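> Listed below are the residues making up each chain.
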Amino acid sequence: MYPKWLWRVLALPGIAWLIALFLVPFYAVIGVALGGVDPIFQNPVPAWNPLQWKFSSLLDTLEGFLPGHEYWRIFLRTTEYVAVAVSVCLLIGYPVAYYVSRHARRSKPWLIALLVLPFWISYLMRMLAWTNLFAPAGLVNELLELAHVTRNPPDWLNGNPVSVILALVYGYIPYLILPLLAALDRIDQSLLDAARDLGASPLQTFLRVTLPLSKTGVLGAVVVIGLPMFGDYYTPNVVSGSPQTSMIGNLIDIFFHGGPQPSIGASLTLILTMFLAALTAYYLFTVNRAHRESAP
Amino acid sequence: MRAGVCEGSEVTRVSRRQALKSLAAAGIAAAAQGLARADSQPLGPGGIPLARPDRPVALPLNAAPIPSGLPPERGGTFKLFNYPDYISKAMVEEFGRQHDVSMELSIFSNMDEAVTRMASRLVRPDVTNISHERLAQAVAGKLIRPLNLDYIPNLKTHIWQSLQSPFYDVGSRYTIPYVVYATGIGWRSDKISEDIARMDNPWSIFWRSQRYKGYVGILDDDRQALSLAMLYRGFYDINTEDPAVIERALVDLSALIPICNPKVNTTQASTLPTGESWLHEADSGDILGSYFTERPAGYDGSSLRFWAAPKGKGPVNSDCWAILAATEKPVLAHLWLNYLLEPRFAYRNFLDIGYQPPQVSLTVDSLLEKKVIPENLRTTIFTDETFGIGSIHFSTLTSRGNALWQKTYARFMAGT
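Heads up: the sequence lines are chains A and B, in that order. Counting from 1, one number per residue, gives the positions in the first sequence under my numbering. Counting from 297, one number per residue, gives the positions in the second sequence under my numbering.
It should be emphasised that the hints constitute simulated quantities derived from the structure, not laboratory data. Do not rely on the hints blindly, as some may be mistaken.
Within a straight-line C-alpha distance of at most 25 Å, the following computed DMTMM-like cross-link-like pairs (lysine to aspartate or glutamate) qualify [said to hold, decoys possible]: (1) B/K487 <-> A/E293; (2) B/K703 <-> A/E145; (3) B/K509 <-> B/E590; (4) A/K215 <-> A/D188; (5) B/K487 <-> A/D188.
Just the calculated beta-carbon pair ranges, DEER-fashion [claimed, not checked]: (6) A/L211 <-> B/R417: 38 to 48 Å; (7) A/W120 <-> B/L664: 42 to 52 Å; (8) B/R420 <-> A/N288: 33 to 43 Å; (9) B/R417 <-> A/T79: 33 to 43 Å.
Residues of chain B clear of chain A, computed beta-carbon distances all greater than 10 Å [what the hints assert, rightly or not]: (10) E409; (11) Q433; (12) D446; (13) K509; (14) D518; (15) Y528; (16) K559; (17) S566; (18) K607; (19) G686; (20) K703; (21) R707; (22) F708.
All of these numbers come straight from a predicted model, not from anything done at the bench. Just so it is clear, CB atoms sit at the ideal spot from N, CA and C, and this is done for glycine as well.
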């Protein structure tokens, strides 16, 4: 028998990683949001001591998220883009994951390798490739014209929300499929057989067994892609560049990139984090409930 | 090259007492004299008055310059800090060979980043490129050291009169001028039918560009973007801190979104020659740089155009170099500054980056005669008369003004 503490020790590297690369930087963001600015250089001066925290910048920024205020519209736009992009990712990704998990058989390793393939190329490079494909005289428009779909192909890169959403889908979909695939793989085959033996049609089996059992996987995958999408600023920059399609990440970039108001950038980050934490809490609640229900 | 914004101290209208206290903290006693003369001027970092062409500022000496006649340091590494692609690499290497040092070039993407990294000692360069609107900050924070101009004779010999003692650094106590440029309009005459330069109000082209939707761009910089709208309205105080004026500029700038949905970026040097953009707010150096180095195969650049407003009606600017206070090679650093001002270096550097050095010998006629630039780009080259009193520059703001510009720009970028 191994001593009980051994398993806890195995978690230490992960905990150290979490502290060094998440908790400390996150505390620094809090310190910047609630701290001050160097009077000469205008650099952020983080307030490390909670007793010295000043909440005025955070509260002002929070007020900006109220309907009609300065950040309301961009927050709404970001939420819309992410909601649509995640939905499209699910519509495309779930059937793909389902097929690979249930029906791929011997080709499964190859299909998984293909799904991993996009990770070989950096996100940035993949987005830049899109600008060539969707340029006014790019391949996509040439194909549309050749196929006589339209004589005036759309200007994809001209502040077009559709382009931003499609680019988000394209960029993040592999991150959705892989955890979803793992979740579907974990579903006990005997449960599906039992449903079929009890007279359920394939569709009923899917709707009553597979889908409910993959719910936590779906939520997990949505969290995995939804969280980074909310903070994304590079995708709208590359495929649009127009203020009309800016996302909240673009605002954070403006305030963090320079100028005398890094505390606003940090406050925006905190508010976004709080919003996403609420979504993540729902995911954790669902997972816990599923665990409790499945416990013998 | 404008990138990033300028700074002021936390106090907008600091009291005289506060300012003197701040100066004392910075140990800049000499500045008190300048401050005393500048009671009516708004104050920037460290209580240093905000420099304007009609209100020049002699920056307070934060240390003694090095003595004359010292030999240059040899060996080791000489470190430069600069924007990317903003200096001729060949000329950098040649300086290293001349002085038996290895050269190291670190880069920054904007002035905020540069100042932050230098102030927090994340980089320790010997010399740095610096915008004049950041000088007060660098001096008050003792980032840069005073110059001994005995080591920099090229300043008097080869540089425009107006920049030998510029308004932002009277007596060139801390800086030498590097390049000059105007912020204006770049366009493709084969795509844009209007003769922009002959329009009554060329700035208005952006508000009449429905036909060019998708091919219009403005500069991704709070000062340059918002001032475009001010200039369009004939308002020339581009350093204003009046909230009503800045708000009006936001309304006008936002009106561009339904008209032409402008792209907000700084890629004009590459997108104009490739035809990805047809009309773009641009610096003169961008347009020449695009002609020199960014033209795609098969494009001769004959349809590239640039318009800069007449003196006092559009922004002009100059970038500088300064020596870091902490350098261990102060003599070599002075020689570097002198080297930058040598006509041979300046000319070669100009061909590599496209930004014009303020060299007396470099004139539009000489460049046209040598066919270095084509006739259609003669408007990208400026003269000494363009600068000095009567010109308008993006200059240092107070901290409150700076914050106001940034927040307003953020609202534009948020599409609100």
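> Now tell me if each hint is right for this structure.
Now the hints, each set against the structure:
no., hint, verdict
1, B/K487 <-> A/E293, "66 Å, violated"
2, B/K703 <-> A/E145, "43 Å, violated"
3, B/K509 <-> B/E590, "23 Å, holds"
4, A/K215 <-> A/D188, "14 Å, holds"
5, B/K487 <-> A/D188, "63 Å, violated"
6, A/L211 <-> B/R417: 38 to 48 Å, "57 Å, violated"
7, A/W120 <-> B/L664: 42 to 52 Å, "50 Å, holds"
8, B/R420 <-> A/N288: 33 to 43 Å, "51 Å, violated"
9, B/R417 <-> A/T79: 33 to 43 Å, "41 Å, holds"
10, E409, "7 Å, violated"
11, Q433, "6 Å, violated"
12, D446, "30 Å, holds"
13, K509, "7 Å, violated"
14, D518, "8 Å, violated"
15, Y528, "17 Å, holds"
16, K559, "4 Å, violated"
17, S566, "12 Å, holds"
18, K607, "29 Å, holds"
19, G686, "29 Å, holds"
20, K703, "7 Å, violated"
21, R707, "5 Å, violated"
22, F708, "6 Å, violated"
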